[in-house]
Structure formats: structure tokens, C-alpha cells
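Protein sequence lines, in the order shown, are assigned to chains A and B.
So the first sequence is numbered by this note's numbering: it starts at 1 and just counts up by one.
So the second sequence is numbered by this note's numbering: it starts at 1 and just counts up by one.
Derived from the structure by calculation, the hints contain no laboratory data.
The beta carbon of each residue, even a glycine, is placed where N, CA and C say it ideally should be.
Be careful, since some hints might not be right.
[Claimed, not checked] These stretches of chain A come out as covered by chain B in the derived footprint (C-beta under 8 Å, 3 or more residues):
(1) 35-42
(2) 46-55
(3) 89-98
(4) 107-117
(5) 128-140
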Amino acid sequence: MKRIEVKLSLSVVAPLLDVIKSTVDDLGGSLAAPSTLRDVDEELRATWMDGLLASQTGDCRTLLALFDREFFANGVIAFDESNAEAIVRACAAVRLRLRERHLKTLEDDVLESGNVEISDLPEPQRKAFMCYLFLATIQELIIQHLDSSIIES
Amino acid sequence: MKVAQTKTVTTPGEHTETELALQGLWRVVVLNDPVNLMSYVVMVFKKIFGFDEPTARRHMLEVHEQGRSVVWIGLREKAEAYAFSLQEWHLTAMIEPDEKN
Numbered sequence: 001m002k003r004i005e006v007k008l009s010l011s012v013v014a015p016l017l018d019v020i021k022s023t024v025d026d027l028g029g030s031l032a033a034p035s036t037l038r039d040v041d042e043e044l045r046a047t048w049m050d051g052l053l054a055s056q057t058g059d060c061r062t063l064l065a066l067f068d069r070e071f072f073a074n075g076v077i078a079f080d081e082s083n084a085e086a087i088v089r090a091c092a093a094v095r096l097r098l099r100e101r102h103l104k105t106l107e108d109d110v111l112e113s114g115n116v117e118i119s120d121l122p123e124p125q126r127k128a129f130m131c132y133l134f135l136a137t138i139q140e141l142i143i144q145h146l147d148s149s150i151i152e153s
Numbered sequence: 001m002k003v004a005q006t007k008t009v010t011t012p013g014e015h016t017e018t019e020l021a022l023q024g025l026w027r028v029v030v031l032n033d034p035v036n037l038m039s040y041v042v043m044v045f046k047k048i049f050g051f052d053e054p055t056a057r058r059h060m061l062e063v064h065e066q067g068r069s070v071v072w073i074g075l076r077e078k079a080e081a082y083a084f085s086l087q088e089w090h091l092t093a094m095i096e097p098d099e100k101n
């Protein structure tokens, strides 16, 4: 089984974990992506939403589990085919919610291009943006190294 | 002993129309969002639809540049399943009737 281990700087990443955790808590009963179920009847819609929420909750739990005792001991997180799919999806959910809650003032094209002067952002937004970038980096790493495991699973 | 009486009421118009709409072809549409990475969207398309890299990239670019891409057309039940999978990956996906058919 292919496994990637990444050593992170504890002093940089540890402060971001509070943002990730509070965003996961915020996601609790709601979906990260906007609901677009106009053509689906009410009964199916309820089942559909429950399924998506259960999936999102499970994925977020897997993301948080990355930052365990081992991470706080040596700064290492590990991905393999057992957790990659859930983590890459949870990162998407948390990034969407971060955008909605903290980065709404950034224009779409600015956010997409990444041309943001971090030092110009006010403190709570700066931390949220750092977190947004950190989660994108995790996604890129997983896609780069475990893309085929995810696609074939 | 009381015998139950049955009475048949038919309302064909509305019902038939609904059935036909459900039986027709449906599109699965993905809408743009400024958050999800291009590489992520490509991977999701490859995983869910089995697209090869150029097809997945073409749809991703269509979403990015035109705001939406029709990624699949077919029967409603399968369209719903695809839309659910796309939403599970946090893409903004919807189904709509394919008016050409």
C-alpha cells in the first residue's frame, strides 16, 4: 500500500488546528456546498441530504484524526489509500465553509488566483486564509501521489 | 356482512405528464465555484464518470470558463446517482431535464 508521510512544522500548523476544528464543528448539521436539489421530490431530498451529511461528517472525522498524538510528538501526518479519499473531500468541505464564513470579502478571481497579500489581511481572516491554503496543499499532495488509488477505489 | 365498494377514479393528464418527464433524458450539470482546485475537479470527474484525462480537463475548463458543464445525459435515476456522488465530493451539481429530448 502506497503511503505518504509529511513532516509539518508544529509551530506553523498547530495554531491552524483550532480553525479547522471550529469549522468542522460549524459544518455539523449543514452541507458545505450549496444545495441544488430543485428537481428532486421532498422525500428523496431528505434521504439525499442525510446521506450527504453522514458522508461529510465521517470525512471530517478522518481529517481531524490526522492530527493525533503522533502528530503532536513529531509533526508527522500520513496518508494512504485508507484515508486519502475522505481527507481530500473533508479538505474541500472545510475550505468551502472557510470561504463562506471568513473569506467572503475576497473576490472570486482573487481567491482562485491566490494573489492575496496575507500581511494585508486582518488577523482572524489571515489565520482562516492560512488554513485555506494549508488544506489546499494537503489536497494537492494527495492528488499528486494517491490520485490513482482514489480513482480506482 | 358489509361488502366494500370500490370506486375507480382516473386522473390521466397530470400523472402521464409527470411520468413522461421522469422517463425522459436528464442532464447532470456542474456549476463553477471559486474554491475547489482544478486538479481536484479533474480527479473527481475521472473517478465518478471514468473520464480520461483530456475529457475530465475539458469539462473542468468548461465549468471554470463558462460557469457550467453538462457532464452526463441519461435516465433520471442514474442522473440522480451521479449528482449525489458529485455533491458528496462538494461540487455544486444539479440535474435538469434535457429539453432537446
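So, going through the hints one by one against the coordinates:
no.: 1; hint: 35-42; verdict: holds (count 5)
no.: 2; hint: 46-55; verdict: holds (count 4)
no.: 3; hint: 89-98; verdict: holds (count 5)
no.: 4; hint: 107-117; verdict: holds (count 4)
no.: 5; hint: 128-140; verdict: holds (count 3)
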